[in-house]
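Trainee: Residues per chain, in single letters:
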Amino acid sequence: MTEIAVLLSVGRHPASARARRADLDARALEVALGLRDTGRVHAIHVGDPAEPALREYLGMGIDRLTVLPAIGCDAAAVLTDHLRQLRPAVVLAGSRAECGEASGMLPYLIAHALDSQLVAGAVSITLRGDTAHVIQALPRGSRRALRVALPVTLTLDRAGPEPRMSAFGPAQRGRIVVAQADLSGRAPAQPSDWREQVARVRPRRLRSLGPASAAERLRSILPTRSGPSTRLLDLDADQAARAIWQYLADEGLLDLGEPGDSGVTSPAATQTAGHAGPGSAQ
Amino acid sequence: MIRRSERRARRNAGVLRRDPRGERDMVAAGPLVLAPEPVSAADIELRRIVIEDPQSWVIAVPDLDRGRLTTLDRDLIGAARVLADAQGGAVLVAVAAGCLDDLGAAGADRVVRFAALATGAYAPATLARALVELARSHQAKHLLLADTPTAGGDVGRRIAALLGERPAAHVKALNPGEVFCLADGGRKEIVRSAPRVILVEAGCAEPVAGRRHEGRELAAPELGFDRAITDLGAVKVDRSAVPLVEAELIVSAGGGVSDWASFHRLAAQLGAAEGASRVACDLGYLPRERQVGASGSVVEPRGYIALGISGAPQHLQGIARCERVVAVNSDRHAPMIQRADLAVVTDVQQLMPALADLAQRERRRD
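Chains as they are written, first to last, in my numbering: chain A, 1 to 282; chain B, 1 to 366.
Derived by calculation from the structure, the hints in this document are not laboratory data.
Quick caveat: nothing in here was measured; it's all calculated off a predicted structure.
One should not assume that every hint holds.
Claimed, not checked - Using C-beta positions, here's what the derived DEER-type ranges look like:
no., chain 1, residue 1, chain 2, residue 2, range
1, B, R321, A, R40, 45 to 55 Å
2, A, P14, B, E178, 23 to 33 Å
3, B, G98, A, S229, 31 to 41 Å
4, A, F168, B, V298, 29 to 39 Å
5, B, L218, A, R242, 48 to 58 Å
6, A, A189, B, R363, 47 to 57 Å
7, B, G255, A, T80, 56 to 66 Å
8, B, E133, A, R242, 46 to 56 Å
9, A, D182, B, I49, 45 to 55 Å
10, A, D115, B, G255, 55 to 65 Å
11, A, V201, B, P313, 19 to 29 Å
12, A, H133, B, R321, 14 to 24 Å
13, A, L232, B, R365, 17 to 27 Å
14, A, R242, B, P176, 55 to 65 Å
Every residue gets a Cβ at the ideal spot worked out from N, C-alpha and C, and that includes glycine.
Please work from the sequences and hints to get the whole structure.
Mentor: Shown next as structure tokens:
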């Protein structure tokens with residue numbers, strides 16, 4: 001049986017600042033729950049076992065959550081010791097914590113210590129023997145497929161699957177198991193020469209100024225526009241379509257995406273079919 | 001006294017600096033005339049800076065987007081300059097081969113081009129090892145990367161893990177003494193002295209302007225690829241279902257659209273994400289998450305096609321940073337028509353099927 005470890009942290013709601021399940025970690029757990037047929041899922045948290053927000057993860061459908069009781073010291077070292085014994089084939093984690101330093105280093109340190117491959121921004125994973133097929137999210141909605149040798153560490157960001165809701169019953173029934181953690185000689189979480197302050201809102205640059213030419217600077221404060229705009233009047237539909245197609249082709253806007261299959265309605269179309277327009281509502 | 005012909009010859013040879021006052025447009029009483037041709041960076045004589053024997057090195061690694069420096073990349077090199085200039089150092093820009101921009105003008109004293117990394121190739125572990133080696137051979141004080149999830153941020157964290165050091169991540173501002181890292185979900189800043197690995201966010205420093213650094217090419221080390229990860233290439237995604245904030249091409253519908261079947265077909269044929277104005281969302285034709293504008297999503301795709309959208313100020317705010325806007329409307333005085341780069345005044349209902357058919361024919365021919 002393949003071992004799958006999910007690293008879960010306690011998040012904080014951006015508006016109310018209440019403790020909650022961390023959004024990205026919940027996405028990681030969602031991916032792990034999809035692997036339950038092929039492996040055993042171990043949910044692991046480093047911190048306070050009494051934290052009530054941890055039950056929100058249990059409510060997603062896992063029956064136990066292992067907590068390594070280490071507060072105020074380096075979580076990566078504690079986790080590494082634990083994972084060395086577990087030897088998971090897949091480690092899943094959110095790409096960034098919601099509180100604390102949130103440097104996003106933890107998965108990298110663990111992958112380095114366990115000598116495992118790491119894929120950032122993963123969306124889904126399928127296990128095939130001793131390799132994994134991973135889909136990675138790239139900017140602007142693109143996706144890339146990778147074949148990775150196990151063991152592998154995946155980090156999840158906002159492109160990951162939407163986490164399921166947490167159910168109250170399973171959340172109360174689930175068990176929080178406190179594991180042994182060796183804390184002797186661990187480094188503190190934050191060096192003493194770091195200073196913390198309330199985040200300042202810094203002025204945003206409206207638009208970067210290019211080379212030091214007055215004409216260039218003047219152009220840069222005018223509305224964004226490549227050249228003089230073209231206005232086409234009194235065209236019939238075919239001529240207008242031809243003109244727009246030509247423009248899109250010239251600007252290189254057509255090679256961005258794969259066209260949809262004309263025989264199949266797009267998911268957006270099927271999605272909106274349920275939306276009653278004003279005509280059908282009456 | 002130099003003769004005029006000689007002056008012109010020397011000016012053409014680049015010996016003599018041009019007198020900027022000689023280049024005024026002599027339009028006596030007419031309106032302000034802008035130069036019709038864009039002034040490229042090469043036309044302007046920038047102050048040249050050559051650092052022959054630097055005391056220290058700062059390595060900057062831009063992400064590149066289709067071979068071009070992004071805004072964040074320019075900020076990144078600007079930040080590297082801040083750190084290098086404070087200690088009499090030089091900026092070494094390490095970049096994938098195929099970078100089209102002038103890196104000297106962007107602020108690079110030296111350039112290393114990794115030929116094996118064609119733009120977009122997936123080899124973060126290889127690149128991280130190569131950069132660690134580069135930093136070691138130059139004894140670089142700092143390594144700066146853009147904190148983007150699957151590019152610079154990924155490579156930078158691998159470097160930090162290899163070096164066993166704690167990087168400064170999500171750096172919003174920096175000066176030679178200290179860096180300001182956004183932490184605690186954006187509520188706090190950690191202020192610390194600049195570590196070796198620095199991952200910067202947009203706006204961390206001003207981009208280099210008004211001067212040109214040498215940009216001397218250095219020999220790139222060979223990269224040894226490992227076989228543990230195989231790139232299987234891009235996956236076909238349904239572009240019309242891509243979230244608006246991620247999309248590169250958006251077809252957006254407003255109150256002027258009534259033939260919704262054609263609209264969906266057109267979006268699918270163009271491979272574009274579907275957007276809508278507030279009017280169309282209010283009427284329930286598209287879900288609320290598809291709304292573009294100040295109260296919906298603020299989008300910045302490369303192309304935006306507005307069909308039957310008159311262009312309320314809130315909607316125009318939402319597309320303020322679009323590069324190319326095509327507007328189709330039957331009202332030639334609509335604000336959207338004024339905003340567009342290509343404005344077509346025609347009936348939207350007839351245009352949509354015509355354009356979808358044309359797209360289908362053209363795609364099939366390819």
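Trainee: Run through the hints listed earlier and report the numbers of any the structure violates, in increasing order.
Mentor: 12
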